[in-house]
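Position chains B, C, D, E, F, G and H against the provided structure of chain A, taking the given hints into account.
8 protein chains.
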Amino acid sequence: MKLDETDKAIIDLLQSDGRMPFSSLGPRVDLSPAAVRQRVLHLIDQGVMQIVAVTDPTTLGFTVQALVGINIDGALDAAAERIARIEEVDYVVIVGGRFDILIELVAGDHDHLLEIMNEIRSFDSVRSTELFTYLRLEKQTYNWGTR
Amino acid sequence: MKLDETDKAIIDLLQSDGRMPFSSLGPRVDLSPAAVRQRVLHLIDQGVMQIVAVTDPTTLGFTVQALVGINIDGALDAAAERIARIEEVDYVVIVGGRFDILIELVAGDHDHLLEIMNEIRSFDSVRSTELFTYLRLEKQTYNWGTR
Amino acid sequence: MKLDETDKAIIDLLQSDGRMPFSSLGPRVDLSPAAVRQRVLHLIDQGVMQIVAVTDPTTLGFTVQALVGINIDGALDAAAERIARIEEVDYVVIVGGRFDILIELVAGDHDHLLEIMNEIRSFDSVRSTELFTYLRLEKQTYNWGTR
Amino acid sequence: MKLDETDKAIIDLLQSDGRMPFSSLGPRVDLSPAAVRQRVLHLIDQGVMQIVAVTDPTTLGFTVQALVGINIDGALDAAAERIARIEEVDYVVIVGGRFDILIELVAGDHDHLLEIMNEIRSFDSVRSTELFTYLRLEKQTYNWGTR
Amino acid sequence: MKLDETDKAIIDLLQSDGRMPFSSLGPRVDLSPAAVRQRVLHLIDQGVMQIVAVTDPTTLGFTVQALVGINIDGALDAAAERIARIEEVDYVVIVGGRFDILIELVAGDHDHLLEIMNEIRSFDSVRSTELFTYLRLEKQTYNWGTR
Amino acid sequence: MKLDETDKAIIDLLQSDGRMPFSSLGPRVDLSPAAVRQRVLHLIDQGVMQIVAVTDPTTLGFTVQALVGINIDGALDAAAERIARIEEVDYVVIVGGRFDILIELVAGDHDHLLEIMNEIRSFDSVRSTELFTYLRLEKQTYNWGTR
Amino acid sequence: MKLDETDKAIIDLLQSDGRMPFSSLGPRVDLSPAAVRQRVLHLIDQGVMQIVAVTDPTTLGFTVQALVGINIDGALDAAAERIARIEEVDYVVIVGGRFDILIELVAGDHDHLLEIMNEIRSFDSVRSTELFTYLRLEKQTYNWGTR
Amino acid sequence: MKLDETDKAIIDLLQSDGRMPFSSLGPRVDLSPAAVRQRVLHLIDQGVMQIVAVTDPTTLGFTVQALVGINIDGALDAAAERIARIEEVDYVVIVGGRFDILIELVAGDHDHLLEIMNEIRSFDSVRSTELFTYLRLEKQTYNWGTR
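Chains as they are written, first to last, in the working numbering: chain A, 8 to 154; chain B, 8 to 154; chain C, 8 to 154; chain D, 8 to 154; chain E, 8 to 154; chain F, 8 to 154; chain G, 8 to 154; chain H, 8 to 154.
Pulled out of the complex, with its shape left as it was, chain A reads as follows (with noise of 0.2 angstroms):
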């Protein structure tokens, strides 16, 4: 999908405060409040965007959430697309670099945890994991504009 400057303009609201209303993002974007929520209703459906309620898992009863560095055999796609379908792996890249796949998870205790991994460490695919336990989460924005 291609986005136009309305589109990228309204992105870039909504990644400030995503509950703005229609009635104020409108004006915003020389638009109506209906024209505008048909924009935004059609960002979220081609999935260019989501809006959603970001929170630190550990304020939420999850004391566990860690990166995961994997090396993978073979194919890059096919083993970053298994790993994807597992519940409590909430993202997953793949990347350039000692490790093939970065991955984040969140788990509700230790067990939980390997759990997990040992979940991950089943594929053929997975040759090994490197665990990075999250000790302070510092930031996390979103709003990082449009170019």
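Read the hints as simulated data drawn from the structure, not as lab findings.
All of these numbers come straight from a predicted model, not from anything done at the bench.
All clues stand as given, with none of them false.
Some but not every residue of chain D turned toward chain C, in silico, with C-beta under 7 angstroms:
(1) Leu21
(2) Arg26
(3) Val55
(4) Ile58
(5) Val59
(6) Arg143
(7) Glu145
Backbone N, C-alpha and C fix where the C-beta goes; we use that ideal spot for every residue, glycine too.
Same frame as chain A, but now just chains B, C, D, E, F, G and H:
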């Protein structure tokens, strides 16, 4: 801030649809629309939750996104705070493992990336950086629920 | 097993002096000697606590002591259980980081060490081992108290 | 201190049961209860042996336990002595291999862990630290006997 | 093929200007234009020298260029030959060190890069790959002369 | 400099045969020999393209060729520029990954190599170097075409 | 074989001058020339000592000398024995650390080196090799004496 | 010093038996005993060859032998020379790869080893050391012949 079961139920629902109207949200957690609005604003004000548009930056004109593993000289929290002040850095976490701090950043092109890297590397507390360039973002979700 | 404040106080005292007579221990935690003896035996039976002689093995004729970082193929807990059955391995912990499992072992000489290493390395689940030979044991305490 | 066969036999027995009464211990090593008591106290006074309660700290309210690999600038023994003075560090060993020193530490929570890490990292002799968070303690024994 | 001093002098001059006319080149090496042309064609036919346009691929529409460190199972030369047959791989060298083989490749975009990486990784002889993405090409010369 | 389709077609042809006469090159890109000569000179003057003799240095009396991975303190571009001024260094690229900069160098023998390495290592910005000695150059092509 | 003080004194002297005549060696260790000859032959027959010419291979026409770090699958001693049978490998030691086995080898040129590496890498027990090419041999002595 | 074929033949024979009498050695290389003695002394005086007793230090009362990988700040040759002056260091080589310098050392016990390591680590040019303790010396030969 201590969360009760109603707070958690609200967060749970907004993790899937951040723009759910208060008139739908209230009844689902046994509150009036006005009362649930009060709760939501309070959760946002207290920093427990952000409601924001989340996107894949590469669809917005940012051609370069990367995770960076950083090793630090001396205190970890002071260094993390310093790095978090850089605008293009959207995620900063202190971790245990081979790296001391992991960050995510978003740049317009390779020259922009070099500039950001040079800024990070100019801090006395930064001993070394290791870049993981994004090849493909496979999964990005925020609805991990509550416990 | 859930520990109450009295259990914790008992453990605290025995961490400093494991042979403290029940007649001294009881009064300090407001119990009779018989009652405190009951508690101590229960804590031992339930596996919460061992009361043991702890030594530096090199003073006892063991010339080689080492930590070993181990990387595993597949499930971590099954591999850890298998390795833990080796008599000369006195400590086994599943960790996050560059290694999957860290163990401590004690051997009479280098030939004995090679034998133990070969046994560990003969398991299908063990991908690689990395030995850290002890040059000097600087501190070994067990009185971290309770919380 | 040079150990004779009787010393070793005493240590051997106390490695399995640290509270064995002198009246049981004596006959097993062909000594009177008073004589064996003398020996035990001497072994403890000389630092050959500690008799202590050993526990899994996570059952005592410590949620975080970790091994830390440390690389040092300059002399190894002076650095090890300095680190050993930190109360939360219960184990310090100078090793050969990728790390210069390996330590174990116990903390109440992640903030407490960060504080300890910052203290260690504030020493001039500490060049870098690498944390291995405990996911599960599988084995912990002390009865390796004597040679 | 054994090179004489005249061959080396010719190569030396063409390293600086690959299109120098034979009428200029000849006199500088004490040959007639026809004779120097003969020599140049012979050096090219024997594979000693290529005369080619060398560019920075990023100026030609290739957005991704990378070096890749590769570790191999088994024989090094057979693996290198196999990888060298991939069109997008323009440089292949067997080296001593942490990697067994280093290659350079050029791709149109990240999806194209992933495709090439998957092809390389599909070979049985390829154990692992580590990508070094180009951020900026600072120098590229070919006039190292002769000895 | 912005390249049009004719520029790209010219480059494409010269990547295979850098000495193709203007009289052959012109017609293939629908230009007169004089016009194509103009274009070629302009592309060279602007630094888009070099036309040069490319060789395997080991056939020219250089017994040692190597890639070197370099880690840098501080700004990456300033360090790369400094290193690029060394004559024996023919290739310098700033990369993302385990190393900050990768270079290629050519030396007459091991003593010469040591001299070059010592020069690189004498710069304040160079923290460490890791040498990859060439055992065999398997492929070296420059005709990747244009996009 | 158990060495007495006289054996050690003999070895000590021969570490400095391997060709010292028995007529000089005998008196220095209070033995007749015939008796010391007997001892020397016995020490050689028992494999305690070799008396040999030691050289820097690069002065003898070997242009490539290297240490190789090797990682092994399975038993260490069987793998070491197998590698030790290769003629060009002059030194094999099983070690603790990042590598399992370290060897030294000597080759006539890079093609010869590749051949040896391929032979080592063809063994099932060899998982990976890492080559350290010699740039300069700075010291090589054998007179460490005895204890 | 330039070696002729006779020099090489002499070295070849002495690599197998360093004490071969001149009366046997001479005829094998077509020289009189007196002439071959002259040659041998010259080869030793010029530092081409040492004739020495070579042993496994662990049979001589040295319980600890190790290779050490060293990383250096600044010039490699000056650092190697400095380290080579330590008596217990019997082998020093500048290499290409993950380490800059590799040395071998021999120590009486772990305290002695620590002392040597601290001495090496006290030099400004030494950034880090990584110890590889010997578990078993499998092969040690010196008869690689000549080319």
